[in-house]
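Based on the hints, put chain F with the ligands in the right spot on chain L.
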Amino acid sequence: MKKRQMYMRMITASLMRRRSRMLVALLSIAIGATVLSGLITIYYDVPRQMGAQFRNYGANMILTDADGSFTLSDMQQGTAVIPADALVGAAPYRYENVRIHEQPIVAAGTDMAGARATSPFWRVEGEWCSADGQILVGANVAESFRLKAGEMLTVSYTPETAQTQEDETVLDNTIDLEITGVLDTGGPEEDYVYMSLADLETLTGESGTIDVAELSVSANADELSSYVDRINASVPAVKAHLVKRVTASETTVLSKLQALVLLVTIVVLALTMICVATTMTAVVTERRKEIGLRKAIGASDRSIIGEFLGESMMLGGIGGVLGVVLGYVFAQQVSINVFSSSIRFQWLLVPITILVSILVTGLSSLLPIRSATEVDPALVLKGE
Amino acid sequence: MSLLELKNVYKIYGELHALDNVSLKVEKGEWVSIMGPSGSGKSTMMNIIGCMDKPSKGEVLLDGVDISKENARSLTAVRRDKIGLIFQQFHLVNYLTAVENVMLAQYYHSMPDEKEALEALDRVGLADRAHHLPSQLSGGEQQRVCVARALINYPEIILADEPTGNLDEANEEIVVDLFHKLHNEGTTLIVVTHDPEVAEVAQRTLVLRNGKLHKEIVNQNFTGKIHFDDMQEFRKEETK
Ligand SMILES: Nc1ncnc2c1ncn2[C@@H]1O[C@H](COP(=O)(O)OP(=O)(O)O)[C@@H](O)[C@H]1O
Ligand SMILES: [Mg+2]
Numbered sequence: 001m002k003k004r005q006m007y008m009r010m011i012t013a014s015l016m017r018r019r020s021r022m023l024v025a026l027l028s029i030a031i032g033a034t035v036l037s038g039l040i041t042i043y044y045d046v047p048r049q050m051g052a053q054f055r056n057y058g059a060n061m062i063l064t065d066a067d068g069s070f071t072l073s074d075m076q077q078g079t080a081v082i083p084a085d086a087l088v089g090a091a092p093y094r095y096e097n098v099r100i101h102e103q104p105i106v107a108a109g110t111d112m113a114g115a116r117a118t119s120p121f122w123r124v125e126g127e128w129c130s131a132d133g134q135i136l137v138g139a140n141v142a143e144s145f146r147l148k149a150g151e152m153l154t155v156s157y158t159p160e161t162a163q164t165q166e167d168e169t170v171l172d173n174t175i176d177l178e179i180t181g182v183l184d185t186g187g188p189e190e191d192y193v194y195m196s197l198a199d200l201e202t203l204t205g206e207s208g209t210i211d212v213a214e215l216s217v218s219a220n221a222d223e224l225s226s227y228v229d230r231i232n233a234s235v236p237a238v239k240a241h242l243v244k245r246v247t248a249s250e251t252t253v254l255s256k257l258q259a260l261v262l263l264v265t266i267v268v269l270a271l272t273m274i275c276v277a278t279t280m281t282a283v284v285t286e287r288r289k290e291i292g293l294r295k296a297i298g299a300s301d302r303s304i305i306g307e308f309l310g311e312s313m314m315l316g317g318i319g320g321v322l323g324v325v326l327g328y329v330f331a332q333q334v335s336i337n338v339f340s341s342s343i344r345f346q347w348l349l350v351p352i353t354i355l356v357s358i359l360v361t362g363l364s365s366l367l368p369i370r371s372a373t374e375v376d377p378a379l380v381l382k383g384e
Numbered sequence: 001m002s003l004l005e006l007k008n009v010y011k012i013y014g015e016l017h018a019l020d021n022v023s024l025k026v027e028k029g030e031w032v033s034i035m036g037p038s039g040s041g042k043s044t045m046m047n048i049i050g051c052m053d054k055p056s057k058g059e060v061l062l063d064g065v066d067i068s069k070e071n072a073r074s075l076t077a078v079r080r081d082k083i084g085l086i087f088q089q090f091h092l093v094n095y096l097t098a099v100e101n102v103m104l105a106q107y108y109h110s111m112p113d114e115k116e117a118l119e120a121l122d123r124v125g126l127a128d129r130a131h132h133l134p135s136q137l138s139g140g141e142q143q144r145v146c147v148a149r150a151l152i153n154y155p156e157i158i159l160a161d162e163p164t165g166n167l168d169e170a171n172e173e174i175v176v177d178l179f180h181k182l183h184n185e186g187t188t189l190i191v192v193t194h195d196p197e198v199a200e201v202a203q204r205t206l207v208l209r210n211g212k213l214h215k216e217i218v219n220q221n222f223t224g225k226i227h228f229d230d231m232q233e234f235r236k237e238e239t240k
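Residue numbers (this note's numbering), protein chains in the order written: chain L, 1 to 384; chain F, 1 to 240.
Chain L extracted, bound-state conformation (with noise of 0.2 Å):
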């Protein structure tokens, strides 16, 4: 039999006959390995699933007029500048003073798919609008008039062109919609109402025009100001415009979260470090007149460190093993409940997780490892 395999034999039978021993250092080994290779993948997958989460606050891109005149047409051609997996929504919106019981309304004419896309964080009491002849009030129109859901709706509208009667009144533009919901945003958004661009042209009489277009773009900082200035370079009859509150915040708040991150498995690095470091201390303990066994039968002070460090190199592997499980497992969960999203796998983190694992084990293993050459071979022929 040849000297290695003896080693082997040896810890590993150190390893499995002394199990509940050696499970309680697994387990600090483990749970390191797990926050190591969870926090990493996170770390890895934030930007993804920042990106994902800040388009939820709404549109990063605006396209505004150019040439005079913005049409739908226009805002395609913008749109199209952009490849079709990354363009998350694109919403036209055309503003009018309408009035609603007298009271002057700004109303919104806009496609509610695209509106949906690019507005993720409105939340509609009710259903969104599926058709024309329907209507979203904003929560404080909704409150001011005692609105409801299901209700119908009449809007007006004054054209230019509306002549003064004999009576001093004037003809106005009328439709009749149905509110299938109630918008509340937190925002300026809940002074307004929502129809279709066709049922605003119906009533204003003028159609083709639009004054503001909202795009979500599935982007980071960078090619999200590429696609600004490729459209901006490439259709003459618009202008995009990043909306940079929200693509600046981001790549602070990402920053800063990575920071804490990092911040995080270094404290969990060096918290593991400690427990492996205190049980290896116990473990040389609880062996010592092992140790001075093999001793004083011939085993030199590199053999019994080559043991313990095998050992605890083992386990270390083992740990890391467990942990790569484990710790995709908790990014699982923690991508889950904060970002509702689930993770991407990284290959990359098993060989780095185990090798991490094997390294920082055996790290802290060294100091109570030399101790162990430190035992005095005697020990085993007094009597205790």
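Just so you know, these hints were derived from the structure itself, not from any lab.
Please note that the accuracy of each hint is not assured.
Unchecked claim - Stretch-level coverage of chain F by chain L, calculated; a stretch enters the list once three of its residues show a Cβ under 8 Å from a Cβ in chain L: (1) 70 to 82; (2) 109 to 116.
What the hints assert, rightly or not - Partial list, derived from the structure: chain F residues whose beta carbon lies under 7 Å from chain L: (3) Asn47; (4) Met52; (5) Val93; (6) Tyr95.
All of these numbers come straight from a predicted model, not from anything done at the bench.
Just so it is clear, CB atoms sit at the ideal spot from N, CA and C, and this is done for glycine as well.
Below, chain F with the ligands without anything else, positioned relative to chain L:
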């Protein structure tokens, strides 16, 4: 040249002379017993002969080499290459099986050889217990594993410190029988014991008292079991 020679050896702990000017010679192939009341310095002497401790003063020549002058590393090498140790408390590695414990001595010495280790266990009558853990063996069986481990590397000298101290009568007999076999094969044996029956089977018995060599009894009729008046005197002292 004697295999082992102690010349004016002292071991001093503060005021206490655990060994006090001890000189003795052991020839190759000899079987020597060491007796003495507890605290008389028997284990201290075994530790020094076994290269696990150094004398405060004096020379210890093993195979002509003065081991009192060697450093820890070469003492480890001497232990590994020349000495087989047997202890009162057995001292097996508790998570290794009997055969693995024997192989451990081979591992540090040269190359582990399971077949040879099994043969050694067979010699001590434990072939069928080879794959048991120490906790699954009786005291006598554990001590026989220790004997197998001590003899596996063909050491020049086997040192046993109270090898039968924790054994019952039947196992004591088995171990003493093994000593007879080893002696017949030419192994040098130094056996510390409290038990006159174990001591008197040796060729020579050295009696220690207060760290001094008090008495030397030669077994004139080595092959049989003889009765010493000295032994009876010793027994009386022990029971005091
Ligand atoms: N490391 C030590 N430090 C101090 N005194 C010791 C030490 N080892 C042994 N002694 C003392 O030396 C004397 C001889 O001990 P020992 O050789 O163990 O006796 P025994 O004959 O019972 O084996 C005892 O009085 C013991 O207390
Ligand atoms: Mg003793």
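Comparing the hints with the structure gives:
Check on the segment 70 to 82 of chain F: 6 of its residues sit with their Cβ under 8 Å from a Cβ of chain L, so the three-residue criterion for coverage holds. Residue count for the segment 109 to 116 of chain F with a Cβ under 8 Å from a Cβ of chain L: 5. That meets the three needed, and the coverage hint holds. Contact between Asn47 (chain F) and chain L, as hinted, is supported at the beta carbon level, the nearest pair being about 5 Å apart and thus within 7 Å. Residue-level restraint check for Met52 (chain F) holds (minimum Cβ-Cβ distance to chain L is 4 Å; threshold 7 Å).
For Val93 (chain F), the interface hint holds, since its Cβ comes within 7 Å of a Cβ in chain L; the closest pair sits about 6 Å apart. Hint status for Tyr95 (chain F): holds, given a least beta-carbon distance of 4 Å to chain L, under 7 Å.
Going through the hint list in order, the structure satisfies each hint without exception.
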